[in-house]
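Enquirer: Each chain is listed here by its residues.
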Amino acid sequence: MATSCTHQRIIEIRTPGRGFVDVTRPIAAVVAEAKVESGHCALFLQHTSASLVIQENADPAVLRDLERWMSKLAPESAAYEHDDEGPDDMPGHLRSAVTRTSEVVPVVEGRLGLGTWQAIYVWEHRRNPHLRRLVVTVSGASAAG
Amino acid sequence: MATSCTHQRIIEIRTPGRGFVDVTRPIAAVVAEAKVESGHCALFLQHTSASLVIQENADPAVLRDLERWMSKLAPESAAYEHDDEGPDDMPGHLRSAVTRTSEVVPVVEGRLGLGTWQAIYVWEHRRNPHLRRLVVTVSGASAAG
Amino acid sequence: MATSCTHQRIIEIRTPGRGFVDVTRPIAAVVAEAKVESGHCALFLQHTSASLVIQENADPAVLRDLERWMSKLAPESAAYEHDDEGPDDMPGHLRSAVTRTSEVVPVVEGRLGLGTWQAIYVWEHRRNPHLRRLVVTVSGASAAG
Chain A
12 MATSCTHQRI IEIRTPGRGF VDVTRPIAAV VAEAKVESGH CALFLQHTSA
62 SLVIQENADP AVLRDLERWM SKLAPESAAY EHDDEGPDDM PGHLRSAVTR
112 TSEVVPVVEG RLGLGTWQAI YVWEHRRNPH LRRLVVTVSG ASAAG
Chain B
12 MATSCTHQRI IEIRTPGRGF VDVTRPIAAV VAEAKVESGH CALFLQHTSA
62 SLVIQENADP AVLRDLERWM SKLAPESAAY EHDDEGPDDM PGHLRSAVTR
112 TSEVVPVVEG RLGLGTWQAI YVWEHRRNPH LRRLVVTVSG ASAAG
Chain C
12 MATSCTHQRI IEIRTPGRGF VDVTRPIAAV VAEAKVESGH CALFLQHTSA
62 SLVIQENADP AVLRDLERWM SKLAPESAAY EHDDEGPDDM PGHLRSAVTR
112 TSEVVPVVEG RLGLGTWQAI YVWEHRRNPH LRRLVVTVSG ASAAG
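As they're listed, the protein sequences go chains A, B and C. The first sequence begins at 12 in our numbering and counts up by one. The second sequence begins at 12 in our numbering and counts up by one. The third sequence begins at 12 in our numbering and counts up by one.
If you're looking for bench data, these hints aren't it; they were derived computationally from the structure. You can take every hint at face value.
Simulated restraints on C-beta separations:
1) A:I22 x B:R75: 38 to 48 Å
2) A:N139 x B:E92: 23 to 33 Å
3) C:K46 x B:R75: 41 to 51 Å
Taking lysine-lysine and the BS3-like style, the derived pairs with C-alpha atoms no more than 30 Å apart in a straight line are:
4) B:K83 x A:K83
5) A:K46 x C:K46
6) B:K46 x C:K46
7) B:K46 x A:K46
8) C:K83 x B:K83
9) C:K83 x A:K83
In silico negatives: residues of chain C with every beta carbon more than 12 Å from chain B:
10) D33
11) A39
12) A43
13) S49
14) A72
15) N139
Being a predicted model, the structure only gives us computed values, none of them experimental. Cβ atoms here follow ideal geometry from the backbone N, Cα and C, with glycine treated the same way.
Next up, chain A with everything else stripped away, as it sits in the complex (with noise of 0.2 Å):
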């Protein structure tokens, strides 16, 4: 018989400053620690110059297209108001506002239901290393012994 059951984990996620970091593998671990059969795992990043976006896991070009469109659509030479950590915070703003704060992918079978080509990317949005928190919460039935 099913039961309903909830598992927590933070993750802190060290970022070498702008760019993205595959974050797949470490939240498949918490799914596997969790032995939910069916139901899903939401993704909160506790950040808001940081962001999480889920994209091409097969040709590292696809990220650095993105990463140059978006330097583009919100880009540091503009004049923003809010500027005094350097001019690439009010942009890390931006692009947080308009990619992912949480993300809910599914547990199919105990495992991340991903697609064939999708990983998980924290996007690190500053120039600077950071370490960035993550926050995994899987839940819904488990087969229980």
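Following the hints, position chains B and C against chain A.
Expert: Leaving out everything else, chains B and C in the frame of chain A:
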């Protein structure tokens, strides 16, 4: 007395090429099967060049304006490093990055808790027709018999 | 022993026209009522010309810069096919499409698991005041008495 449950289905969506497919009905059908009274319906699209968006269900001109605007925001005419699959490939990734891969809709009194003017769309970003996989996970409290 | 539960409320938000309304407090109040120890709080806005965004809670200049940037990205001055309700109508849909209709925030130790600098905002995109409906669904494990 209420008991907690999870119900999951994978829906296949045939898209006719770039544009919107209203998926509200097949999702509502999964919610009806689930017999959840109060909870939520988590949607996840297993692709990186198609995405989810919740938009107006009344005037189809809204979707046409949205498509025209996005075509300018992520133009096919730009030079991309990732272009093996044609000029619509990288714009598809850019469009997906700023719209939604996952969306969580509440279940209220046994039904999808959408607003009066809302419908759920799969937005195909590629020029050719595709078969897209949408994972629907309904969970929450059921009024047990 | 932990039991699983779901608690749902619909909050009405009165917006003063275009701009941000901080809804962190009323959402936190629903979380407190729910008596969920570990889980998540799913937010859903039942509209297509207002949206959700999680942004910095410290310097209000961040929100002003964000509004100015978005006003340029989705300008009122452009020619839209859908313009029956005025020049701010279609830009509202565009802004909503690239921000959030749903957001899922973790519940950690009985409270909203936001980062230090995060607040949850309803972003009104129309020029006139509106009454907006936000569905809050809290679920997870409660420490049963």
